[in-house]
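Assemble the whole structure, with the sequences as input and the hints as a guide.
Protein chains: 2
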Amino acid sequence: MMTFSELLQKRRAIRDFEDKAVPLPLVEEILRDATLAPSASNNQPCRFSVVQCRKAMKNLSDESKACLLKDHDDKKIALNPQYVNLLQDENFNVFYNAPCLIFVAGPKSAGSLDVDAALAAAYIMFAAAARGLGTCWVALGANIRDPQLRGELGFSENLRIVAPIILGYPKAIPAAPERHAPEILRVIAEAR
Amino acid sequence: MMTFSELLQKRRAIRDFEDKAVPLPLVEEILRDATLAPSASNNQPCRFSVVQCRKAMKNLSDESKACLLKDHDDKKIALNPQYVNLLQDENFNVFYNAPCLIFVAGPKSAGSLDVDAALAAAYIMFAAAARGLGTCWVALGANIRDPQLRGELGFSENLRIVAPIILGYPKAIPAAPERHAPEILRVIAEAR
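Protein sequence lines, in the order shown, are assigned to chains A and B.
Under my numbering, the first residue of the first sequence is numbered 1, with each subsequent residue one higher.
Under my numbering, the first residue of the second sequence is numbered 1001, with each subsequent residue one higher.
Calculated directly from the structure, the hints in this document are not laboratory data.
A hint or two may mislead.
[Said to hold, decoys possible] Think about it this way: if two alpha-carbon atoms lie no more than 20 Å apart in a straight line, the pair counts; the simulated SDA-like pairs of lysine to any residue are: (1) Lys10(A) / Thr1003(B); (2) Lys10(A) / Lys1070(B); (3) Lys1070(B) / Ala66(A); (4) Lys171(A) / Gln9(A); (5) Lys108(A) / Lys1076(B); (6) Lys10(A) / Asn1042(B); (7) Lys76(A) / Glu63(A); (8) Lys1058(B) / Ala191(A); (9) Lys55(A) / Ser41(A); (10) Lys1055(B) / Arg186(A); (11) Lys58(A) / Glu18(A); (12) Lys1058(B) / Glu1152(B).
[What the hints assert, rightly or not] Label-pair ranges, simulated between beta-carbon atoms: (13) Ala40(A) / Lys1075(B): 45 to 53 Å; (14) Asp1146(B) / Arg160(A): 47 to 55 Å; (15) Ala1013(B) / Asp73(A): 42 to 50 Å; (16) Leu149(A) / Glu1183(B): 18 to 26 Å; (17) Asn1043(B) / Gln88(A): 39 to 47 Å; (18) Glu1157(B) / Leu149(A): 40 to 48 Å; (19) Phe1092(B) / Pro107(A): 27 to 35 Å; (20) Arg179(A) / Ile1173(B): 26 to 34 Å; (21) Ala1013(B) / Lys20(A): 33 to 41 Å; (22) Val187(A) / Lys1076(B): 43 to 51 Å; (23) Ala1175(B) / Gln9(A): 46 to 54 Å; (24) Ser41(A) / Asp1146(B): 20 to 28 Å.
Even for Gly, the Cβ is constructed at its ideal location relative to N, Cα and C.
Take a look at the structure:
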């Protein structure tokens, strides 16, 4: 049991994990918590896929890296130069060799899929932190296009991956990088 | 102090509030918690505006309703018929006469604004629930285009509103509407 303030401190981006599997029933518990996230008109559009095999994860990392670099070369996206170097490094695994990876996806047709999936992702990250686990949303891992790999994840053409989240037991919980104070542009106060 | 499971139960969509103001320092505390939300490349793109005046809130509700109905008439969006009736009802306030309203917005140029703002919104909703307050993300309240109203909120042309969140002391905390079990499409298990 921890206070909300402790939970906020524990929910940090974790990329360095103990070499210890996350039991599937624990992943299922976390995903059950995630179903309590609000969604537009209570549509509950999110679908999940869980990867616990490091070899499969490596293949998914390679695919996402290749797709991102191709889009950059084709000028469909403009990657930051530091990301280009990182993605070109064969030894860089976008999923940081985590013991577990959860994909949050949903129908392309759902207009509010991005925000609904992000809310579910926040629930996953808090639910994991509350159980002593660490997570990191790895946006570089979302570009999976190869039909065979998508098939293995159960993601048909009409589903879009929004949030790949790595999960495991953290080696350490780093302090939060500095945040600026909330930028409150206006306060329209109650008329007296 | 509450367990995470209690926090999940308390974080419900609340639309019926006590007639009791939310002190600004409490709103500021909640927004400070929201700055701890993760964001793509730690960009922290979110900006906030707080409305505590019910007259201003009514004007914002009227503006958003009118803009949505215009877009529907112009066939830019296709509203569900039940929403059309609701939006045409003069007495319907999209913000449910809440004592407080927080807008989460950010630069249109930020590619991941939707998900970054949704993560901040999740933090706001949990931070409020942890303090005995209720919230509801009111998507129907996001369509504020009138330059004067936008100016009063401090939202220049280059900012986009993602999440209007009403805030107050709940009259009651309803049970969660039914959720389906998490749809886990595949589990790719560790090779033995």
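Quiz item: So which of those numbered hints doesn't the model satisfy?
Solution: 2, 3, 9, 13, 14, 17, 22, 23
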